[in-house]
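Protein chains: 2
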Amino acid sequence: MSRERLIYLPLGGAGEIGMNAYVYGYGAEGAERLILVDIGVAFSDMETSPGVDLIFADISWLVENKDRLEAVFITHGHEDHVGAVGHYWERLGVPVYARTFTANLARHKMADRGQPEDAVRTVSPWPEMTSAGPFSVGFLPVSHSIPESAALVIDSPAGRVIHSGDFKLDETPVVGEPFDPGLWAEVSKDGVQALICDSTNVFSQHAGRSEASVGPEIEALVSAAPNMVVATTFASNVARVKTLAEAGQRAGRSICLMGRAMRRMVEAGIATGVLSDFPKVVSPEEAAQIPRESLMLLVTGSQGERRAASAQLARGKFNGITLKEGDLFLFSSKTIPGNERGVIRIMNQFSEMGVDIVDDSAGKYHVSGHANRPDLLRVHEIVNPVMVIPNHGEHRHLREHAKLAEESGRKSIVAVNGTMLDLTGSEPSVAGYVETGRTYLDGAVQIGAMDGIVRDRIRMALNGHVIVTVILDEDDEPLGGAWCELMGLPEKGRSNAPLLDVLEEDLSQFLGRAGEKTLSNDDKLETELRRVARNSCRDEIGKKPEATVIVSRLR
Amino acid sequence: MSRERLIYLPLGGAGEIGMNAYVYGYGAEGAERLILVDIGVAFSDMETSPGVDLIFADISWLVENKDRLEAVFITHGHEDHVGAVGHYWERLGVPVYARTFTANLARHKMADRGQPEDAVRTVSPWPEMTSAGPFSVGFLPVSHSIPESAALVIDSPAGRVIHSGDFKLDETPVVGEPFDPGLWAEVSKDGVQALICDSTNVFSQHAGRSEASVGPEIEALVSAAPNMVVATTFASNVARVKTLAEAGQRAGRSICLMGRAMRRMVEAGIATGVLSDFPKVVSPEEAAQIPRESLMLLVTGSQGERRAASAQLARGKFNGITLKEGDLFLFSSKTIPGNERGVIRIMNQFSEMGVDIVDDSAGKYHVSGHANRPDLLRVHEIVNPVMVIPNHGEHRHLREHAKLAEESGRKSIVAVNGTMLDLTGSEPSVAGYVETGRTYLDGAVQIGAMDGIVRDRIRMALNGHVIVTVILDEDDEPLGGAWCELMGLPEKGRSNAPLLDVLEEDLSQFLGRAGEKTLSNDDKLETELRRVARNSCRDEIGKKPEATVIVSRLR
Chain A
21 MSRERLIYLP LGGAGEIGMN AYVYGYGAEG AERLILVDIG VAFSDMETSP
71 GVDLIFADIS WLVENKDRLE AVFITHGHED HVGAVGHYWE RLGVPVYART
121 FTANLARHKM ADRGQPEDAV RTVSPWPEMT SAGPFSVGFL PVSHSIPESA
171 ALVIDSPAGR VIHSGDFKLD ETPVVGEPFD PGLWAEVSKD GVQALICDST
221 NVFSQHAGRS EASVGPEIEA LVSAAPNMVV ATTFASNVAR VKTLAEAGQR
271 AGRSICLMGR AMRRMVEAGI ATGVLSDFPK VVSPEEAAQI PRESLMLLVT
321 GSQGERRAAS AQLARGKFNG ITLKEGDLFL FSSKTIPGNE RGVIRIMNQF
371 SEMGVDIVDD SAGKYHVSGH ANRPDLLRVH EIVNPVMVIP NHGEHRHLRE
421 HAKLAEESGR KSIVAVNGTM LDLTGSEPSV AGYVETGRTY LDGAVQIGAM
471 DGIVRDRIRM ALNGHVIVTV ILDEDDEPLG GAWCELMGLP EKGRSNAPLL
521 DVLEEDLSQF LGRAGEKTLS NDDKLETELR RVARNSCRDE IGKKPEATVI
571 VSRLR
Chain B
21 MSRERLIYLP LGGAGEIGMN AYVYGYGAEG AERLILVDIG VAFSDMETSP
71 GVDLIFADIS WLVENKDRLE AVFITHGHED HVGAVGHYWE RLGVPVYART
121 FTANLARHKM ADRGQPEDAV RTVSPWPEMT SAGPFSVGFL PVSHSIPESA
171 ALVIDSPAGR VIHSGDFKLD ETPVVGEPFD PGLWAEVSKD GVQALICDST
221 NVFSQHAGRS EASVGPEIEA LVSAAPNMVV ATTFASNVAR VKTLAEAGQR
271 AGRSICLMGR AMRRMVEAGI ATGVLSDFPK VVSPEEAAQI PRESLMLLVT
321 GSQGERRAAS AQLARGKFNG ITLKEGDLFL FSSKTIPGNE RGVIRIMNQF
371 SEMGVDIVDD SAGKYHVSGH ANRPDLLRVH EIVNPVMVIP NHGEHRHLRE
421 HAKLAEESGR KSIVAVNGTM LDLTGSEPSV AGYVETGRTY LDGAVQIGAM
471 DGIVRDRIRM ALNGHVIVTV ILDEDDEPLG GAWCELMGLP EKGRSNAPLL
521 DVLEEDLSQF LGRAGEKTLS NDDKLETELR RVARNSCRDE IGKKPEATVI
571 VSRLR
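Sequence order for the protein chains is A and B. Residues in the first sequence are numbered from 21 upward in steps of one, following this note's numbering. Residues in the second sequence are numbered from 21 upward in steps of one, following this note's numbering.
To be clear, the hints were calculated from the coordinates, so they are not data collected in a lab. Bear in mind the structure is a predicted one, so any value in this text is a computation, not a measurement. A couple of the hints might just be wrong.
A pair holds if it fits inside one copy or across any two, identical chains being indistinguishable in the list.
Taking lysine to any residue and the SDA-like style, the derived pairs with C-alpha atoms no more than 25 Å apart in a straight line are [claimed, not checked]:
1) Lys-354 <-> Leu-74
2) Lys-563 <-> Val-212
3) Lys-431 <-> Leu-203
4) Lys-384 <-> Pro-299
5) Lys-431 <-> Ala-48
6) Lys-564 <-> Met-66
7) Lys-563 <-> Leu-482
8) Lys-354 <-> Gly-383
9) Lys-384 <-> Gln-225
10) Lys-563 <-> Glu-505
11) Lys-384 <-> Ala-232
12) Lys-354 <-> Glu-427
13) Lys-423 <-> Ala-244
14) Lys-423 <-> Pro-246
15) Lys-431 <-> Arg-533
16) Lys-544 <-> Glu-505
17) Lys-354 <-> Glu-67
18) Lys-564 <-> Gly-472
19) Lys-537 <-> Ala-517
20) Lys-423 <-> Arg-335
21) Lys-337 <-> Val-465
22) Lys-544 <-> Arg-533
23) Lys-384 <-> Thr-192
24) Lys-564 <-> Gly-106
With the hints as extra help, turn the sequences into a complete structure.
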């Protein structure tokens, strides 16, 4: 029998920001007992995944090995860590462990997909430990931009691993537990084999700022505002939502929450006890009766999402409320790369209304939830692990984080999704590669990112679509000519005749001179008609569209 | 006869960054003689304009009034100011005036589109003035991120207007004329009626930095690099290209230009005399023979454009050169909002190769070409106009710039594309509105942004496309059932049967129960078949695709 080993296998989150899913295993090679840490989503964009609702890590490998899977542990309640739990649980069928607030959100997600809520089990933080096969796992409180985030203390016969989850070093986080260096030192004092560590902010050179630092700035801004104030942030950033609400309250304003996520998160915070003393809120109906200068709205949509409250207010009206000249709109948030266009769009719509916009460009109204470069170094030092394995980040983040660890003499390695590492020895080594990828939720269906479906949609968007139909009689003779339909193509091209007429003429001419061999062979005929249609378009309008050819035979 | 008046009408660039096109007119109402300042392009994106090659301002109003048009004046050679000249000149047919370097680029654009190069006329800078109807126009040198930028001094019987064009206040611009406050004061001393002024950087709070400040930083970086160095910037930023090349030369490296635009711009700079003492360059073939540590490539693609040299190097190879572990790639540029994803993509590709990436996040290797807030105020003061009309910017920029001007007691107004202003009196007033919009160059065809063509492409990208064909005989009886083709849709849905089969079954059932009235009416039949197909898809895959129905009749 081969030696027992400790393995680490990222399926999502290592090589990208989002979609976190990390496997740990312990046992003999190929027979390791497994746990999964986090099961998140990523979001689609027009450029690479138009029409896609959500993106998941491809967990085929895990499903193939699910007889070896013991449990899922969720570090915190952000979508990119828990968002796939309702979609994937059925294929995994093991208990899901999380702290109270996270479990509350996870159960909602299970219920939304008709999955059993009791598969989600609530655990207490460290020093409580949960057994899962050869593993014993504890939830070590860390500060982040959502309540009750946890690093995981993962013990196995091969030693202790600390999986940081998303974290920052905030000693005054407004809501939830502060970062406790003494606790981290205590947990690490008997030696840590590996620190698997958040890399997202490795390029940020200055130590991170505390959540508590934004309160006074926001309060000063809100107090000075002469008219209505509207503020947006991530709804899950319950501490920020509370800071905003308290600033409004101190300025003598009634607080109204708008957008489903905003209400759900505050409710979850109150229900689970992480949120206390939250200012009294009014309903949108009540808000409509309150003088504008005495009102503050807290709304969803900090990333410019088209259906969120902020975007709807920018287009005119939401829940009966319309913004006016001289109102103030605060982005207490950072725009995630890729979302700039959407955010800028609503900024300009507000500008057209005469609404004054304040964002975080001056660095006063937002702080990040992730550990910056000096914070990462501090954690490396406290934990003092044998090896640092960077996770959660694009390749450039992982690489930079590995270099940072190596500069202080620690062992490190860049392991992207699909790279199985052996963490057992004195340094990490590659134990193999597993096929990974992305799964798209497209309407009600899960499709593979490489299935060609989305590629075809992108091609139609870039090139347009021409449909050619031909009917052939029993003797393979065309009945009339070819008929075309256009979608996403101009009506006229260079010749100034209707493109449809030009195409149908060219295709009919082709049919007229096509031989028996071509006309009797569906594949050949389709290929030729496609070629003629696309070339005809190229000559006429300068682009080759996607082409679908339908040959019908009266047999 | 009505009084003579001076009008201003932005057709592009006022309400967006890019696509600049501004009309000035002088004369009796409705009979003003006109000039056009700049005729630029904007760039497409997947979200709003997939497959579109270029975006132009809709100049229908100008074409309708072209008998009143005297001339076009181009402030400088950036694509968003001159890019449409070759596409639109034929519809305007008037002389195009520009300074030497800009004229060189404009003539290339005319030639590319088969237009007469001699329509572009080279003019000398102020104090030379060019007559155009009631106007007399001079080119006042300003510093910007391309050589020979000019503000326009536009004189008419209603007084002097200064149209800033894109500019910054750089007294040491490396290439081209420094900002000369004395000259600006001289031009303004007899009174300026209106300053039409660049707004893009109004939210940047600190005075702009000089182009000369980046040289020493770049040189330090390049000198310390142990292996090959590759740098990218906008090719038209000839000063930066020179700075980069000189830094490489001083570090003992051979310089190689890669990418068509990079070579064309340097050639244009040398040909027109704006660029002197440019370091000797080697060809890509020669570069491949030079030791890596003695080589520096200057490449196109600072915005992550897929076909540019940088993206090709990131994918593997360009002009026979491949980057390796330990090479350095410098973005001497800023990422334009909306281009983040493309830039991040190539950063990660380089990271995977082990290439070290340096960008401007530390603010050392790039400076903006536009006037920041304090610079704008300084120009307002020097010119001391009766009114300030903000141009070139999104709505939020224009609004902020107008507020800035008003804070110092100047008259101002926000005028977006299509807003005709009367600049004649003591303050600007709205004289009317003109229909404007965007024209897309789509392959070889100009289409309207609102024609529905691109909207259909976006819908296909989001929803997929189902094609339904039905053949009816002479008695309006269906021959067989309905046939479907799918593009961009999953093969199976909830029932786990092939989606095609489910659709064809549902459609055939519908045909079986459809009455004579439906079957004999093409419109009605198409509408019904479309409805059935879309609902069937919604039930099966959870989304309603675009649907094209083709009814063929054997009559």
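Consistency of the hints with the structure:
no.: 1; hint: Lys-354 <-> Leu-74; verdict: within (22 Å within a copy, 30 Å between copies)
no.: 2; hint: Lys-563 <-> Val-212; verdict: neither (60 Å within a copy, 49 Å between copies)
no.: 3; hint: Lys-431 <-> Leu-203; verdict: within (24 Å within a copy, 62 Å between copies)
no.: 4; hint: Lys-384 <-> Pro-299; verdict: within (23 Å within a copy, 45 Å between copies)
no.: 5; hint: Lys-431 <-> Ala-48; verdict: within (24 Å within a copy, 79 Å between copies)
no.: 6; hint: Lys-564 <-> Met-66; verdict: both (21 Å within a copy, 18 Å between copies)
no.: 7; hint: Lys-563 <-> Leu-482; verdict: both (10 Å within a copy, 21 Å between copies)
no.: 8; hint: Lys-354 <-> Gly-383; verdict: both (10 Å within a copy, 19 Å between copies)
no.: 9; hint: Lys-384 <-> Gln-225; verdict: both (17 Å within a copy, 14 Å between copies)
no.: 10; hint: Lys-563 <-> Glu-505; verdict: both (16 Å within a copy, 23 Å between copies)
no.: 11; hint: Lys-384 <-> Ala-232; verdict: within (11 Å within a copy, 31 Å between copies)
no.: 12; hint: Lys-354 <-> Glu-427; verdict: neither (30 Å within a copy, 29 Å between copies)
no.: 13; hint: Lys-423 <-> Ala-244; verdict: between (46 Å within a copy, 18 Å between copies)
no.: 14; hint: Lys-423 <-> Pro-246; verdict: between (50 Å within a copy, 17 Å between copies)
no.: 15; hint: Lys-431 <-> Arg-533; verdict: neither (71 Å within a copy, 72 Å between copies)
no.: 16; hint: Lys-544 <-> Glu-505; verdict: both (21 Å within a copy, 18 Å between copies)
no.: 17; hint: Lys-354 <-> Glu-67; verdict: both (21 Å within a copy, 21 Å between copies)
no.: 18; hint: Lys-564 <-> Gly-472; verdict: both (19 Å within a copy, 19 Å between copies)
no.: 19; hint: Lys-537 <-> Ala-517; verdict: neither (32 Å within a copy, 35 Å between copies)
no.: 20; hint: Lys-423 <-> Arg-335; verdict: between (46 Å within a copy, 23 Å between copies)
no.: 21; hint: Lys-337 <-> Val-465; verdict: neither (33 Å within a copy, 38 Å between copies)
no.: 22; hint: Lys-544 <-> Arg-533; verdict: within (14 Å within a copy, 36 Å between copies)
no.: 23; hint: Lys-384 <-> Thr-192; verdict: within (16 Å within a copy, 33 Å between copies)
no.: 24; hint: Lys-564 <-> Gly-106; verdict: between (42 Å within a copy, 24 Å between copies)
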